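For the record, the sequence lines run as chains A and B. Residue numbering for the first sequence follows our numbering, beginning at -7 and increasing consecutively. Residue numbering for the second sequence follows our numbering, beginning at 7 and increasing consecutively.
Hints are computed from structural coordinates only; laboratory data are not their basis. Everything numeric in this text was worked out from a predicted model, so none of it was measured. C-beta atoms are modelled at their ideal positions from N, C-alpha and C, and glycine is treated no differently.
Estimated spans, in silico, between C-beta atoms of each pair:
(1) B:Ser124 <-> A:Arg67: 46 to 56 Å
(2) A:Arg67 <-> B:Leu289: 35 to 45 Å
(3) A:Asp5 <-> B:Ser124: 49 to 59 Å
(4) A:Ser126 <-> B:Arg126: 52 to 62 Å
(5) A:His123 <-> B:Leu139: 38 to 48 Å
(6) A:Gln172 <-> B:Val282: 52 to 62 Å
(7) B:Leu139 <-> A:Ala109: 56 to 66 Å
(8) B:Arg287 <-> A:Ala27: 34 to 44 Å
Over the 12 Å line for every Cβ pair with chain B, so calculated as not near, a few chain A residues:
(9) Thr14
(10) Gly19
(11) Gly100
(12) Ala113
(13) Leu155
(14) Ile170
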Amino acid sequence: MLETRGLTAHYGDFQALYGIDTVIAPGETIAIIGANGAGKSSYLKAITGLIRAEPDSVRFEDRPIGALGAANILRLGIAMVPEGRRLFSSLTVEENLLIGSYGRDVAGIWSLDSIYALFPALKERRAVPSHSLSGGEQQMTAIGRALMSNPRVLLCDEISLGLAPIVIRNIYDAMPRIKQNGTSIVLVEQDIAQAMKVADRVYCFQEGRVSLSGRPTELTREQVHLAYFGR
Amino acid sequence: MLDWVDTIIQGVLLGGLYALFAAGLSLIFGIMRLVNLAHGDLIVLAAFAILALATWFGFDPFLAALLAMPAMFAAGFALQHLLLNRTLGRDLLPPLLVTFGISIIIQNGLLEVFTADSRRLGLGAIETASIHLGGNLAIGVMPLLTLGSAIAVILLLNLLFYRTALGRAFRATSDDLEIAQLMGIDHHRIYSIAMGIAMVVATIAALYLGIRANFDPTIGPARLIYAFEAVIIGGLGSLWGTLAGGIFIGLAQTVGAKMNPEWQILAGHIAFLVVVVLRPRGLFPRSVD
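Given the sequences, and given the hints that come with them, work out the whole structure.
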């Protein structure tokens, strides 16, 4: 469904990714783990068009999309929950959700009502400015905003970062419902245990390269430790 | 005492014109952080467009303005799409230089076509009509219409911003450009639409400028200064603040003129400086920046 082949990414002269090969099948949950600076966020930015890549290095349903801009990538059905939530601060919670379907307003299971059913706390806070929300509520809004486009692939960048364990559990409890209509999920996580628990497959990044990949049940602790931190 | 009441009323009414000058500037700055140095000249360009339609085809200035609006929207959209979008980025200097250049091009183009003669849009008896409030107090119909139009423009822009999907896209783009793109928002198109709308507002400002005062191809920069002052006094990016800023400048000018006719313009600039010193972010800054 979504594939990267020899994906590279640059910030000016600095190269962040060195030939990343990944495959995401329909309905699959993939976890990308790795230390800070391993290239996880750059990988998501390259897929979503925030960093331009070689056209053929990102393929969606066998179509090259690496050179497309972010707005066009969203229209294809690839949505992202960015690191740090990054809600639109001058918009209310409901306006943040509504803007999620601005570029891709297609029929699907996700609407304001179904988002509020997924995260009931947001319904009570629908009219408040997003900057007044707690961290957990902000993360729920960011996930809901991405779901409003009824994406076929949902990319989540560090959704547990800076949140209390109970809030992280609530958010991860929503994942099965997000997957139930066949949506593929790519989770970028530093929390290895959380990632291994929910993912069908794991890719470990180290210094812009894939250092390990496989099913969580097939990987040993030592293998993951070595791939994560290096020798 | 009645004289002072009259002065205050005239100041508020004059503020309506300044708010119209400033509304387009405020809109553009609020959405794309672009300081459009050609804004005053674009108002003058619109005034000449209205004049041309009124003179060449015999249209009433209001009808001519109505006809000029779509043309000015298209011109603003094209200007942003073909030129200004290419200058926007982390460096603030390119858009400043380009809009400064546009200002010079517009002035010289207008001088070439319309000469340096001073012009005015004629509207007949309504230009001098007034409503008597009793005593020696009277309100001019045109100034009242100008203030009413300014309030209507700000109201409509607020409805657009806070009640429509396009308005949400404007605000989202202003808040976080990168994430707005992740929502499928084509920011270049959003900027072009915003510039088109700013030019429609500039056309409304041009109509009242042309009816209430003489204009020639070189008066744009002076109008730009009033617009800047109104935007900064009101608080950058705040539309209601821009209306308040315009009224503030208008009041300062009429009060200054009341004390000494030579102080009119100076009083407006001094009031602006006082506000900048006391409230650097303006009287009504946006709560979230």
